[in-house]
Amino acid sequence: MSKPEFVYVTYIETTPEKLWEALTDSEFSKLYWFGTEVKSDWKVGSSFALVTDGKTTDTGKILEADRPRRLSYTFKHELYETMREPATKVAFTIEPYGNLVKLTVTHEGFIEGSKLVGAISTGWPAILSGLKSVLETGKPLAIPRAALGKEELTRS
Amino acid sequence: MKIEQFKPAIVYTIYIAATPEQVWKALTTAEFSRKYFSGFAIEADLKVGGAFIARAPDGSEHISGEVIECDPLKRLTVTWNVNWPALVEKLGPTLVTYEIEQAGDTVKLTMLQSHDRDISDDILSGGRAGWPAILSSLKSLLETGQALTIKMAPPERMLAALKEMGIGTP
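As given, the protein sequences belong to chains A and B, one line each in that order.
In short: position in the first sequence from 1, add 44, done, that's our numbering.
In short: position in the second sequence from 1, add 1455, done, that's our numbering.
Bear in mind the hints are in silico, worked out from the structure with no lab data behind them.
A couple of the hints might just be wrong.
[As the list claims (entries may be wrong)] Only some residues are given here: those of chain A computed to face chain B with a beta carbon under 10 Å:
id, residue
1, Glu57
2, Leu144
3, Ile187
Each residue gets a CB set at the ideal place from its N, CA and C atoms; glycine is no exception.
Chain A on its own, in the form it takes in the complex (with noise of 0.2 Å):
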C-alpha cells in the first residue's frame, strides 16, 4: 500500500512568470484562494502561512523558490485541531508546454489514517480550477467554500 499523496495536474494559457506571480502574490491569491492571503518573502528558509479573514490556517518553511520553475514549502495545518498532524510538503512544477503552461502540484507526507489529506484533495481542484480560470478569463470563479473540505469555515 503506498503513503497517501495528492497529485493535481492543470494546463493553463498562460506565462510560468504570471502563473509564479499568482502562486505567490498575497493579493492575487484572495481571487482563487477563497480569500487567503499567501504570505512569505519566498526565499529558501523563510517562513510560509495562509492567512483567511486574519487567521492563520496553515504555516510552513520555504523549501525551493525556483522561479519561475519550481516553488515548494511545509506545509502545516493550524486552524482545527482535528487537522493538526506533521508538516506534510507542498510542491509547484511549472512547466512551459507550447504556447501552455503545465502545472503540477503534488501534496505529500501524510501521516496514516490522516485526516488533512481528504481534506486538501477535495480543496486543491477547487482553487486551482479558479487559479486557471482566474489566469485565463481575469474572472475567479464563484465556488462556494464548502468545497474546500473544511466546513468549519463555512460556518465561522
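Dock chain B against the given chain A, drawing on the hints supplied.
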C-alpha cells in the same frame, strides 16, 4: 458486468464556470469533443445500452463502448474500451463516469476511471497524463470559447506495459 465490482483508479475533479447543460453537451457531443479531445468525435446514444463511441480523426472507432448509467445533466457512465487487440481480454473493461454537480455558480465535474481488477501504475500512467489535458482543455473551451492546444507525447510508459502483456498497440 457488475458495476459494483469496479473501483476508481483515477479521479480528476475540475470546476468550470458553466451550466450543467453546457458541461453535459461538451462531454457527449462531437461538436464540442473535437475541439478539446485531440480531434476525437464523441458519438453517444444517451440511453442505457446505447452505443458510446470516440471516433478518431481518421474516422476509425478508437473507443467502442456502451452507456451503462445515464442520468442526464448529472451522471454518465460508459465502458471506455479502447479498440486495441486483446486489451479488454487482458485488462477487463474500463469504466468512465462523469459526475456533474452544481457548486454555486459553477459546475463541479468529477471524472472517475474504474476497473474491476488491479491495474499497474505503468498502465494507469496513460490516463493520469491524458485526463488532466482533456479536462483542462474542456474547461478553457467553455470559459473562453477557445480550447487549449495540448500536444501530448505518446504515452510511452503505458504503451510499453501493454506491449509486454501482449496487447496490440499502434
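Checked hints:
no. : hint   : result
1   : Glu57  : 6 Å, holds
2   : Leu144 : 6 Å, holds
3   : Ile187 : 5 Å, holds
In the structure shown, no violation is registered for any of the earlier numbered hints.
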